[in-house]
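Respectively, the protein sequence lines represent chains A and B. Straight run, no breaks: the first sequence in the numbering used here ends on number 259. Straight run, no breaks: the second sequence in the numbering used here ends on number 242.
Read the hints as simulated data drawn from the structure, not as lab findings. Since this is a predicted model, take the numbers as computed values, not measurements. Some hints could be false.
Sample of chain B residues facing chain A (criterion: CB under 8 Å; computed from the structure) [unchecked claim]:
1. N66
2. R68
3. G72
4. S88
5. P90
6. R91
7. T92
8. L94
9. V96
10. I111
11. R113
12. A157
13. F159
Just so you know, even glycine gets a beta-carbon here, dropped at the ideal spot from N, CA and C.
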Amino acid sequence: MSDDDVLLQVDGVCKNFGEIRACDNVSFELWPGEVLGIVGESGSGKTTLLNCLAGRTEPDSGLISYTNRRGEASDIFAMFEPERRMLARTDWGFVHQNPRDGLRLDITAGGNIGERLMMVGARHYGNIRGEAETWMNRVELELGRIDSLPRTFSGGMQQRLQIARNLVSGPRLIFMDEPTGGLDVSVQARLLDLLRELVRELNVAVVIVTHDLAVARLLSDRLMVMRHGAVVESGLTDQVLDDPQHAYSQLLVSSILQV
Amino acid sequence: MVTKQNTQTMIDVSGLSKTFVLHTQGSARISVFEDLSLDVAAGECMALDGPSGAGKSTLMRILYANYRIDQGRIEVRHEGEMVDLASSAPRTVLEVRRHTLGYVSQFLRVIPRVSTLDVVAEPLRALGTDEAEAHDRARTMLARLNVPERLWGLAPATFSGGEQQRVNVARGFVAELPILLLDEPTASLDAINRQCVMGLIDEAKTRGAAVVGIFHDREVRDAVADRVFDMRETLAASGEAA
Ligand SMILES: Nc1ncnc2c1ncn2[C@@H]1O[C@H](COP(=O)(O)OP(=O)(O)OP(=O)(O)O)[C@@H](O)[C@H]1O
Ligand SMILES: Nc1ncnc2c1ncn2[C@@H]1O[C@H](COP(=O)(O)OP(=O)(O)OP(=O)(O)O)[C@@H](O)[C@H]1O
Ligand SMILES: [Mg+2]
Ligand SMILES: [Mg+2]
Chain A
1 MSDDDVLLQV
11 DGVCKNFGEI
21 RACDNVSFEL
31 WPGEVLGIVG
41 ESGSGKTTLL
51 NCLAGRTEPD
61 SGLISYTNRR
71 GEASDIFAMF
81 EPERRMLART
91 DWGFVHQNPR
101 DGLRLDITAG
111 GNIGERLMMV
121 GARHYGNIRG
131 EAETWMNRVE
141 LELGRIDSLP
151 RTFSGGMQQR
161 LQIARNLVSG
171 PRLIFMDEPT
181 GGLDVSVQAR
191 LLDLLRELVR
201 ELNVAVVIVT
211 HDLAVARLLS
221 DRLMVMRHGA
231 VVESGLTDQV
241 LDDPQHAYSQ
251 LLVSSILQV
Chain B
1 MVTKQNTQTM
11 IDVSGLSKTF
21 VLHTQGSARI
31 SVFEDLSLDV
41 AAGECMALDG
51 PSGAGKSTLM
61 RILYANYRID
71 QGRIEVRHEG
81 EMVDLASSAP
91 RTVLEVRRHT
101 LGYVSQFLRV
111 IPRVSTLDVV
121 AEPLRALGTD
131 EAEAHDRART
141 MLARLNVPER
151 LWGLAPATFS
161 GGEQQRVNVA
171 RGFVAELPIL
181 LLDEPTASLD
191 AINRQCVMGL
201 IDEAKTRGAA
211 VVGIFHDREV
221 RDAVADRVFD
231 MRETLAASGE
241 AA
């Protein structure tokens with residue numbers, strides 16, 4: 001497939017929880033290597049949308065079509081469950097806000113990274129161990145901690161481990177839900193640097209949910225503003241932040257000091 | 001000698017209208033301009049002139065597709081073809097920015113923790129230039145703008161206004177893009193550095209770049225501008241500007 005094929009095509013996605021419209025007719029396209037930020041108030045449906053996109057929650061209606069490495073586009077909810085699960089291992093990554101949701105706490109740091117590789121078919125122990133070491137390095141985790149359990153790690157270290165676990169298998173699309181959310185400011189800063197570098201270097205497409213407009217400015221090419229489940233505005237990140245059109249985006253931008 | 005390339009239209013704006021609607025302030029409307037048209041050729045420098053609030057920076061940001069418009073076309077020559085930024089998809093706009101549009105804002109937007117050398121090299125890296133060459137060219141540009149070498153490894157956050165502005169200029173000129181948008185590039189500079197920026201603008205014009213600039217400094221404007229675009233004449237009738 002070439003860079004001219006859309007990676008993800010989202011059309012009229014709706015998801016209700018009882019009376020709550022968590023996602024209301026969301027449509028957009030994502031291209032290879034593009035970073036899309038999603039911002040909006042609490043409860044506006046960001047996590048729900050992310051879960052739909054990543055094949056974890058089935059929408060009530062609408063289409064989510066993913067173009068695989070061979071250039072074939074298919075509706076991710078029309079495929080069989082095993083096929084979708086395979087894609088989640090080979091092509092996608094999901095970085096949770098709480099690293100505990102994205103890590104196996106009962107296996108070592110090295111095991112957490114290596115497991116992802118084994119899921120996509122790696123068998124040679126030496127190679128797996130080598131890759132795990134490389135990735136420990138890349139996310140700035142001390143090699144000496146490779147055999148420690150993640151629960152002995154700080155929040156920032158766990159988050160970096162989660163990122164390594166997701167990137168090691170060379171995914172084409174990563175979903176991130178508030179990846180810097182639970183961390184203190186200085187740890188956040190280093191994590192952001194790391195993400196910025198990795199995203200550029202690996203040319204992986206990213207959909208990132210954040211409530212922090214400075215994070216959105218730093219990482220994303222495009223931005224979508226959500227409110228009550230609907231996308232009220234979207235565009236280039238600097239357009240949306242510097243010349244917001246919708247009343248809600250203006251409120252969002254004006255309620256922070258400077259981004 | 002005027003080559004064919006030097007007479008080519010690089011920017012062609014027509015029928016441009018821009019109104020800000022401030023929803024958080026009782027939906028106040030600021031109409032900045034209506035039906036504005038302008039064009040700039042390769043090798044030419046056009047200065048935007050007008051009183052404070054006339055919309056000079058707004059127009060500049062529109063040319064970079066940073067601000068949106070209500071009506072009109074913003075065509076720029078990108079790899080030989082005119083592309084309308086107003087109706088282009090975001091990824092096309094990003095592509096045009098990378099390859100065609102250099103923008104020197106009035107103030108540097110500092111990316112936290114990124115060194116000056118990397119800030120300046122970044123436009124080249126975005127075009128695929130390898131790190132060594134990008135750094136080489138960034139060093140040359142920083143030296144030329146008299147940014148002290150001891151600062152190159154530091155993030156510009158703590159730099160003086162003039163130092164930050166020179167980093168910004170270096171970043172804007174390093175990739176030698178076909179169109180340069182300069183918002184007060186000499187505002188906080190001393191005479192020597194002002195001279196230096198004027199030299200860069202002249203060289204850019206000589207290689208065929210189209211330049212649009214806002215220059216408060218009359219001496220700079222007279223030296224570099226081939227034409228002056230008077231924004232008083234384009235003020236929207238209902239505008240609050242002036
Ligand atoms: N499994 C569920 N069952 C019932 N309601 C749900 C469920 N998941 C989400 N909701 C509701 O759907 C709405 C959107 O929730 P969602 O988690 O997507 O919001 P969000 O934008 O991610 O918010 P936050 O920024 O606080 O994380 C909320 O009103 C939430 O209470
Ligand atoms: N992002 C924005 N949101 C709302 N109004 C804006 C915005 N940017 C500019 N304006 C308004 O548009 C008008 C033109 O402003 P602009 O900054 O373009 O003027 P200028 O000619 O560059 O002035 P100066 O010489 O003082 O820099 C002003 O009334 C300004 O308040
Ligand atoms: Mg959420
Ligand atoms: Mg101005």
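Among the hints numbered above, which are violated by the structure, and what are their numbers in rising order? The structure conflicts with hints 3, 4, 7, 9, 12 and 13, although it agrees with all the remaining ones.
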